[in-house]
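If you read the protein sequences in the order shown, they are chains A and B. Residue 137 in this note's numbering sits at position 137 of the first sequence, with consecutive numbering throughout. Residue 79 in this note's numbering sits at position 79 of the second sequence, with consecutive numbering throughout.
FYI, nobody ran anything at the bench for these hints, they're computed from the structure. All clues stand as given, with none of them false.
Since the list gives no way to pick out one identical chain from another, each pair is judged satisfied if it fits inside one copy or across any two copies.
Here are the simulated EDC-like cross-link-like pairs (lysine to aspartate or glutamate), alpha carbons at most 20 Å apart as the crow flies:
#1 K32 to D312
#2 K117 to E145
#3 K304 to E231
#4 K324 to E231
#5 K284 to E106
#6 K304 to E30
#7 K175 to E49
One letter stands for each residue in the lines below.
2 protein chains.
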Amino acid sequence: MNLRIPGPTPCPPQVLEAMARQMVNHRGPEFKALLKDLLARLKAIAQTEGDILIFTCSGTGGMEAALVNTLSPGDRVLSVTNGSFGDRFARIAEAFGGQVQKLSFEWGNPVDPKAVKKALEDDPSIKLVLVTHNETSTAVTNDLEAIGAVVREHEKLLLVDAISSMGAIDLPMDKWFCDVVVTGSQKSWMVPPGLAMVAVGPRGWKAVQEARSARFYWDFQAMKRFQENGETPFTPAISIYFALAVALDAIEKEGLPNVIARHARMGAYTRKAVKDLGLTLFPKESCASNTVTAVNAPDGLEVKPFLRTLRDQHGVVLAGGQGKLDGSIFRIGHLGFVNEADIDGVAKALRAVLGRS
Amino acid sequence: MNLRIPGPTPCPPQVLEAMARQMVNHRGPEFKALLKDLLARLKAIAQTEGDILIFTCSGTGGMEAALVNTLSPGDRVLSVTNGSFGDRFARIAEAFGGQVQKLSFEWGNPVDPKAVKKALEDDPSIKLVLVTHNETSTAVTNDLEAIGAVVREHEKLLLVDAISSMGAIDLPMDKWFCDVVVTGSQKSWMVPPGLAMVAVGPRGWKAVQEARSARFYWDFQAMKRFQENGETPFTPAISIYFALAVALDAIEKEGLPNVIARHARMGAYTRKAVKDLGLTLFPKESCASNTVTAVNAPDGLEVKPFLRTLRDQHGVVLAGGQGKLDGSIFRIGHLGFVNEADIDGVAKALRAVLGRS
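Hey, can you work out the whole structure from these sequences and the hints?
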């Protein structure tokens, strides 16, 4: 199968081989060495002097962890959203008692940093700002650098969902004033799902000390304390740590700037392939993501049977639309373990199924 | 390495092979079929007509999930504990606003169901009862059948930590009046860590509807709704689901009663091996666990260097004591993928390092 959804991504053979390693004691010397090594390498990719915390959970677990460690019930939260993952971040904040003001942008459009600035000026009581770096549902990358500058100017705390961006789209976390950043193993990292990596800077830690949300499994301070001793508070998904170390070998061998450049190339290559087929992009091209491409379903195309035919007859697995985009778009993932040949395969299958010449 | 800690346990080769399978779409037909199959098979082992919910997390995540779905802040909770995992269950309940009354028993002794009865009679305002079926820290199995009968008699909700028991020690959940039961993939299931399986009966579901704790990632109702459609709300640790299906093949081939009998045999075999070396058991033998054995460190033995020597010179990995037992006991895991030869290897290494004839 040519698995081209925006995560889980296919894993390289050596990563899958690492998944098959026999268990070790999670409180023994092999795991201690592995964890120490992983944290240093992830810090380099997050481009941070802060801490990396690894939780056994999905990316959404990482978002919840970011919130319950920095939010107190009743805190004013500005949720900046232009898609269903941005909306999810808001829903989590609401679930934990945040007083959420949503600043929504039309799906397919980027977040406007000037509107963020205005919202922060209009309501000085806002404490936390939530933003999605790469909105997977609409295939839009937001201008996190500009948003980060605005949020820092107003001295708010910035929590970033970078689940489908970090490791593929540049994200110099400290330089861009991001305080807590979340990513997930099944995206750019070329590793199976099961780990969320959360980066926490100094202002993030200050918020953690002050936040009064109930927490136990997600407790950042316990995780940091254990990690400093080469352990985790609770039994970690050891196999995925093994796999991540091997995937990082490949990322480091290619070099982060080259990985980022490859994703930029893959984004452009995919968009061109789609347009060459006479299809149109869902988002504005100026903000189109380099890890996922959203394509408008041509008039009269029923998306579900179309995706089924692609899979069953051509071995190409794409994703449909989420939420209100269900039935009107389909999405092609091109993050992690991907090259031009994979996209050529997608284009060939699309051409056949859509009957394009 | 002969990994003989009470989880993660070694995994059979075919389980490790399944861990190396390439990713699939977690919202596609392969995963739907896999999930449906797993849920039916897990129900049979939990011996329940209730629902099985699978979360990507450690066992402690499952305990937190059980609590935040059934507890409202301010609820009176009776925490029945005879070890550090019982104490952890109480700490989680406290973290989420439970008014916890602890009913503690001396470590190494079992829970006394009559004392539970008295505590429930003394305080009719108690709503939830927390109990550990198999207390891994002291290697004691509690009489869950008797405790369950008492709790049901008083019409309280019973949450059970069965992380290191279910699948190895008999636990007919419905018959024993357990309302929510938690287990973890890295224990009797012979699978790497990363999944918690939570079984929820009808009284559990009623409590879920009433409980007002904040929850999102752990939300039982969302998980049930998605699982009924063959999906999970958030990206699951797919590899571990693959592995669990293969491990269940082995468990079903052996047959649950035979698996349980093998663990009883392994427990007795391990205790005899330890006593034959002139060592003494930490818990009372009448309540000794069939999945883990706790051994008193002989006078003058420094446990940490002793465990290091066992590992480095004999390839045998045992666990030390937790909390207040750190330095005074060591523990031998014998759950999941284990037979007499594994324990013979442990005994041989112990004999060599302790200089016993």
